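J.: Letter by letter, the chains look like this.
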Amino acid sequence: MRSFEYVAPRVLSEALAAVAERGERARVLAGGTDILVQLRAGRRQVDRLVDVKAIPEVNELSYDPHRGLRLGAAVPCYRVYEQGSVAQAYPGLIDAVSLVGGTQIQGRASVGGNLCNAAPSGDTIPALIALGAVCIVASPATTREMPAEDFCTAPGRTVLQPGEMLVNLRIPPPARRSGAAYLRFIPRNEMDIAVVGVGASVVLDDARQRFVSARIALGAVAPTPLLVKAAGEALAGQDVSERSIEAAAAAAMAAARPITDMRGTVEQRRHLVGALTRRALRRAIQRASEE
Amino acid sequence: MLERLRVQTLVNGEEIEFLCEPRQSLLEALRDILKLTGTKEGCNDGNCGACSVILNGRLVDSCLVLAAEVQGATVETVEGLAGPTGLHPLQQSFLEQAALQCGICTPGFLMAAKALLDREPHPSEARVRLWLAGNLCRCTGYDKIVRAVLDAADKMEVARP
Chain A
1 MRSFEYVAPR VLSEALAAVA ERGERARVLA GGTDILVQLR AGRRQVDRLV DVKAIPEVNE
61 LSYDPHRGLR LGAAVPCYRV YEQGSVAQAY PGLIDAVSLV GGTQIQGRAS VGGNLCNAAP
121 SGDTIPALIA LGAVCIVASP ATTREMPAED FCTAPGRTVL QPGEMLVNLR IPPPARRSGA
181 AYLRFIPRNE MDIAVVGVGA SVVLDDARQR FVSARIALGA VAPTPLLVKA AGEALAGQDV
241 SERSIEAAAA AAMAAARPIT DMRGTVEQRR HLVGALTRRA LRRAIQRASE E
Chain B
1 MLERLRVQTL VNGEEIEFLC EPRQSLLEAL RDILKLTGTK EGCNDGNCGA CSVILNGRLV
61 DSCLVLAAEV QGATVETVEG LAGPTGLHPL QQSFLEQAAL QCGICTPGFL MAAKALLDRE
121 PHPSEARVRL WLAGNLCRCT GYDKIVRAVL DAADKMEVAR P
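The listed protein sequences derive, respectively, from chains A and B.
So the first sequence is numbered by the working numbering: it starts at 1 and just counts up by one.
So the second sequence is numbered by the working numbering: it starts at 1 and just counts up by one.
Okay, chain A solo, but in the shape it has when bound:
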């Protein structure tokens, strides 16, 4: 690995200054499970790593039934699934954080880092999009927000400009009679990269007979994770039925733009989008009905 400078500020403003000072030559270090691999392989070069794990805002994990979830960008996966109130309120997020790597990786890797790494197959990203997560991005001068579906711009690329960093994510409190789920296909049981991933969230009416609204997001079938608005629109106002679920699955399949690579073919991926959309929706509906 080439030499770089390591700094571990304790205050957000210092971290932002440390990142901004080096622009494109600085990178934030949270769990390190992507960036250290990339640096070692020479796929990225930096002059400075800014370790943000000592900064309170970036490590906050708090859930409030009225305010929702605040998920600091450096909070590792295990903290998300081990905090009971979070696990209860956001089972769709738990589906995803429990699938990232194995035990060792979940002990370090953060949801924010998964987003910043911007892999098309990043497991937490479709879950974040389905849940309506908002990204809080800061530079020394300003703070801006954007929905999770707008964060990734290409494989390995994000909206972050030189000098900016992701500080935290906010997820709205779960609506009444809502449920969410994330499912992925891999050819083995664990420790693999999604061939296709689907995140779904639904809000049902009081009788649990109709969809009030729904969000479907896809991973590993386009250069970035995708929000499929047409799939949500196909469900809003419709009866909860296999027919409406089928319409949403068809919309998701139409929106997917997969490629053929070592993990799967275009045809297989498109088929999987349909199958996983149906299954993720059924699981989300079940969770909304239990609630």
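Quick caveat, the hints were computed from the structure, so don't treat them as lab data.
Model, not experiment: these values are computed from the prediction.
Every residue gets a Cβ at the ideal spot worked out from N, C-alpha and C, and that includes glycine.
Heads up, none of these hints are tricks.
Partial chain A-side listing against chain B, Cβ under 8 Å, derived:
(1) ARG2
(2) PHE4
(3) GLU5
(4) TYR6
(5) VAL37
(6) ARG40
(7) ASP51
(8) GLY101
(9) GLY102
(10) THR103
(11) ARG108
(12) GLU190
Pulled from the structure, derived: some chain B residues nowhere near chain A, Cβ distances all over 10 Å:
(13) ASN12
(14) ARG31
(15) ILE33
(16) GLY38
(17) THR74
(18) GLY86
(19) HIS88
(20) CYS102
(21) ILE104
(22) PRO121
(23) HIS122
(24) GLU125
(25) LYS144
(26) ARG147
(27) MET156
Go by the hints and put chain B onto chain A.
T.: Then chain B, alone, in the frame of chain A:
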């Protein structure tokens, strides 16, 4: 002139101070600086788990931690596993159950299994298999390792006052 960082940390209960380059991993610091060569280097990219250690009570791949990050932290490696009275029950069970052949993956499996039994003294077989998914072994076929971990859990239960 390379920048050197001074790192103070607790390794296997002992206060240790060392100098490292910012780019050095915890794995390199353990093996090359502190000469604790029980921790093995396998893939060096977070896939095989051979370099597993327990950092602040959490199982991690030491190849994916910078040495500089352990300032003020607690690190447990395989060297700290055996006590003054002999082998840890996990080590004893690995021997009795023949849960190793070449042995390169063993320190990582031992530390991963310790991290599990520290928090879940009675894991199911499925739980053991899932927990150990980040540790690869090319010799045993895993069955003997899983059996050894379950056996150690039983031993530790009997030994518990």
